[in-house]
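Keeping their order, the protein sequence lines are chains A and B.
Position in the first sequence (from 1) plus 172 gives the number in the working numbering.
Position in the second sequence (from 1) plus 106 gives the number in the working numbering.
These aren't lab readings, by the way, just hints derived from the structure by calculation.
Fair warning: this is a prediction, and the values are worked out from it, not measured in the lab.
The beta carbon of each residue, even a glycine, is placed where N, CA and C say it ideally should be.
Treat the hints with care, since some could be wrong.
Looking from chain B toward chain A, a few residues come up when the C-beta cut is under 7 Å (computed) [as the list claims (entries may be wrong)]: (1) E240; (2) T326; (3) E409; (4) E411; (5) A443; (6) L485; (7) S486.
Now for the letters of each chain:
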Amino acid sequence: MKSTQYSEKVLDHFRNPRNVGTLEGENVAVGRVGNPVCGDLMEFYIKVKDDTIEDIKFKTFGCGSAIATASMITELAKGKTIEEALKITRQDVADELDGLPPIKMHCSNLAADALKDAIHNYKTKQKPKGEVPEEAKECKEGIAGVDKFIDRGVYFTVDDPTTLKDKRTMVLDRGEQSINLALELTKHTSRVVFVTPTKDISASPDLKTKLKQSDIKVLYESKILEITGVSEVEKVRIHDLNEDEEYELFIDALIIL
Amino acid sequence: MDVYLDYQSSKPVDPRVIEAMQPYFYTTFGNPSSLHSSGDKATRVLDQCRHTLADFIHAQPDEIIFTSGATESNNLSLIGYAMRNKNKGNHILISEIEHISIHNIAKYLEKNGFTVTKIPVDQYGRVGLRKIEERITEKTILISIGYANNEIGTVQPIAEIGKLCKGKGIAFHTDAVAAEGLLPLDVEKDNIDLLTLSSNDIYGPKGVGVLYGAKGFRMTPIIIGGGQENGLRSGTENIPGIVGMAKAAEIIQKEMAEEVKRFQGYRDRLIENILKTIPRSHLNGHPTERLPNNAHFRFDGIEGESLLLSLKDKGIAASTGSACSSKTLEPSHTLIALGLLHEEAHGSLEFTCGRFNRDNDIDAVLKALPEVVERLRKLSPLYK
Numbered sequence: 173m174k175s176t177q178y179s180e181k182v183l184d185h186f187r188n189p190r191n192v193g194t195l196e197g198e199n200v201a202v203g204r205v206g207n208p209v210c211g212d213l214m215e216f217y218i219k220v221k222d223d224t225i226e227d228i229k230f231k232t233f234g235c236g237s238a239i240a241t242a243s244m245i246t247e248l249a250k251g252k253t254i255e256e257a258l259k260i261t262r263q264d265v266a267d268e269l270d271g272l273p274p275i276k277m278h279c280s281n282l283a284a285d286a287l288k289d290a291i292h293n294y295k296t297k298q299k300p301k302g303e304v305p306e307e308a309k310e311c312k313e314g315i316a317g318v319d320k321f322i323d324r325g326v327y328f329t330v331d332d333p334t335t336l337k338d339k340r341t342m343v344l345d346r347g348e349q350s351i352n353l354a355l356e357l358t359k360h361t362s363r364v365v366f367v368t369p370t371k372d373i374s375a376s377p378d379l380k381t382k383l384k385q386s387d388i389k390v391l392y393e394s395k396i397l398e399i400t401g402v403s404e405v406e407k408v409r410i411h412d413l414n415e416d417e418e419y420e421l422f423i424d425a426l427i428i429l
Numbered sequence: 107m108d109v110y111l112d113y114q115s116s117k118p119v120d121p122r123v124i125e126a127m128q129p130y131f132y133t134t135f136g137n138p139s140s141l142h143s144s145g146d147k148a149t150r151v152l153d154q155c156r157h158t159l160a161d162f163i164h165a166q167p168d169e170i171i172f173t174s175g176a177t178e179s180n181n182l183s184l185i186g187y188a189m190r191n192k193n194k195g196n197h198i199l200i201s202e203i204e205h206i207s208i209h210n211i212a213k214y215l216e217k218n219g220f221t222v223t224k225i226p227v228d229q230y231g232r233v234g235l236r237k238i239e240e241r242i243t244e245k246t247i248l249i250s251i252g253y254a255n256n257e258i259g260t261v262q263p264i265a266e267i268g269k270l271c272k273g274k275g276i277a278f279h280t281d282a283v284a285a286e287g288l289l290p291l292d293v294e295k296d297n298i299d300l301l302t303l304s305s306n307d308i309y310g311p312k313g314v315g316v317l318y319g320a321k322g323f324r325m326t327p328i329i330i331g332g333g334q335e336n337g338l339r340s341g342t343e344n345i346p347g348i349v350g351m352a353k354a355a356e357i358i359q360k361e362m363a364e365e366v367k368r369f370q371g372y373r374d375r376l377i378e379n380i381l382k383t384i385p386r387s388h389l390n391g392h393p394t395e396r397l398p399n400n401a402h403f404r405f406d407g408i409e410g411e412s413l414l415l416s417l418k419d420k421g422i423a424a425s426t427g428s429a430c431s432s433k434t435l436e437p438s439h440t441l442i443a444l445g446l447l448h449e450e451a452h453g454s455l456e457f458t459c460g461r462f463n464r465d466n467d468i469d470a471v472l473k474a475l476p477e478v479v480e481r482l483r484k485l486s487p488l489y490k
């Protein structure tokens with residue numbers, strides 16, 4: 173069976189998803205599972221009254237089955253008590269959709285988990301996972317291989333931004349001056365990645381807006397672990413503090429102001 | 107009728123090719139190894155086809171080995187050459203963005219005593235000469251770099267790599283499948299020693315391919331039997347398939363210049379309009395050094411399989427590098443090598459046009475795509 177061979181019911185929910193959106197206010201809890209790195213991210217919003225799910229909304233980044241399962245579970249859960257809703261399994265969702273391709277059963281069938289997360293958060297009155305991690309330590313330290321690549325892709329100052337023309341440049345968060353540099357670099361290269369260990373950037377509202385409107389890719393809650401290459405910088409290994417995962421990214425230059 | 111813009115995945119066989127193949131199933135069915143007249147006929151036509159394919163890439167007829175397709179050609183060139191020449195060294199270089207068949211052959215060679223080093227590419231997917239040079243060791247015997255990339259369409263500086271390899275006395279293999287029929291191929295001028303071709307990629311039948319092996323570049327066969335193709339590829343020749351591939355090469359040689367101009371028009375219309383009308387859309391691959399028929403995009407905040415499904419609903423066939431549509435559930439290694447994050451690679455969409463596309467196919471995409479992207483972004487928690 174091909175990964176995209178979906179039942180009519182799946183396709184219906186993909187084409188016309190039910191209960192898309194978000195909820196706010198009292199008695200609302202949010203659940204979040206998945207990770208955009210894997211290709212699926214699901215957010216559920218539930219509004220609970222007298223232990224019953226009065227309203228439910230979702231947002232999904234993901235493939236066809238991710239969207240369809242999320243949509244289906246909103247229909248299943250609406251009006252149920254939270255105890256009943258907790259009993260909805262991945263298999264229930266798949267069955268209601270007349271089945272899912274086997275390869276999708278695990279990767280894109282996160283709806284039941286996300287709903288459980290939302291209910292759990294309602295019960296414990298918690299916010300979704302991913303709170304601010306502890307502030308990162310001194311920047312240069314802790315990055316293996318830095319010394320090998322000084323002036324071979326690792327720079328502590330940038331006197332002439334044109335030297336970085338068309339280079340995939342990573343800028344480490346060192347306060348407002350590093351944000352200004354990152355913005356300046358977008359005039360010379362289409363690829364600027366800004367890495368910060370924090371969940372939010374501390375800068376003036378004006379600068380934050382500029383950063384948000386730019387093409388700069390911001391990696392929040394991320395730490396550079398290691399730089400690798402032959403004679404110059406080619407790759408960095410990054411630790412995603414929120415997900416506690418490591419991955420590699422191809423770059424040409426790293427700026428640590 | 108659906109709009110088909112996925113020519114890199116599969117191409118229809120040109121009706122003229124089918125017509126040329128027809129007599130070789132029933133009327134002229136001989137085995138070239140037989141000594142009777144039916145066998146002689148087959149020998150003659152095989153010979154003609156060998157000349158046509160040699161001419162197609164500026165090679166000599168005895169340098170053409172017919173195979174069952176590009177995968178076999180890649181296997182024969184890498185495994186066959188490495189095994190035969192292991193006394194000279196055990197180191198092989200390939201790029202980070204080679205086709206999956208090359209990557210998996212490399213893994214096989216690593217298990218059999220060879221060392222394979224990957225060459226990184228720049229943000230547009232080009233291999234730099236310096237990055238190759240600094241990886242060459244005394245033990246390097248073979249460098250394999252695809253002529254052009256089948257996903258992002260970036261074309262490599264083949265002539266320069268060929269010159270570098272020649273100067274160092276290292277064999278140079280290139281998988282030219284993505285480029286054949288779109289760019290003129292000249293193994294002599296570009297110092298290419300081994301080159302992979304596929305029949306289907308020039309509108310010939312599937313199941314046929316060619317490995318060009320320059321004189322003096324000896325290989326060990328990987329398929330053993332009756333000694334056909336100079337002992338390098340045993341098995342009774344697939345005459346109808348070979349005739350089809352030769353006919354396809356003949357047609358494309360005549361029509362390429364005109365055809366490519368048309369594709370370029372389609373490609374440029376897609377790129378210009380999509381980047382202009384869809385916010386936060388990006389072009390993957392090289393802005394100028396790219397295949398004339400390839401337009402490869404990524405859209406922030408959405409996932410490729412959803413895009414494909416939505417386009418399918420509107421009767422449009424395209425392709426994606428997203429993990430959700432792959433067998434391994436990993437995003438395309440090519441997109442990762444460009445320096446993209448996984449979530450960016452997931453949002454990719456590839457259009458490749460071909461011989462049977464017309465202007466209104468492009469119209470259909472330009473009409474459908476902005477709506478589709480907007481709808482999926484409304485659903486997405488990543489696009490705010």
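So, going through the hints one by one against the coordinates:
Taken as an interface hint, B:E240 checks out: its beta carbon lies about 5 Å from the nearest beta carbon of chain A, inside 7 Å. Taken as an interface hint, B:T326 does not check out: its beta carbon lies about 31 Å from the nearest beta carbon of chain A, beyond 7 Å. The interface hint given for B:E409 is met, as the beta carbon of that residue sits about 5 Å from the closest beta carbon of chain A, less than 7 Å. Checking B:E411 against chain A: minimum C-beta separation of about 4 Å stays under 7 Å; hint holds.
For B:A443, the interface hint holds, the least distance from its beta-carbon to any beta-carbon of chain A being 6 Å, beneath 7 Å. Look at B:L485: its Cβ gets to within about 6 Å of chain A, closer than 7 Å, so that hint holds up. With 7 Å as the threshold, the beta carbon of B:S486 comes within range of chain A, its nearest partner Cβ sitting at about 5 Å, so the hint holds.
Hint 2 alone, counting from the list given before, is not met by this structure.
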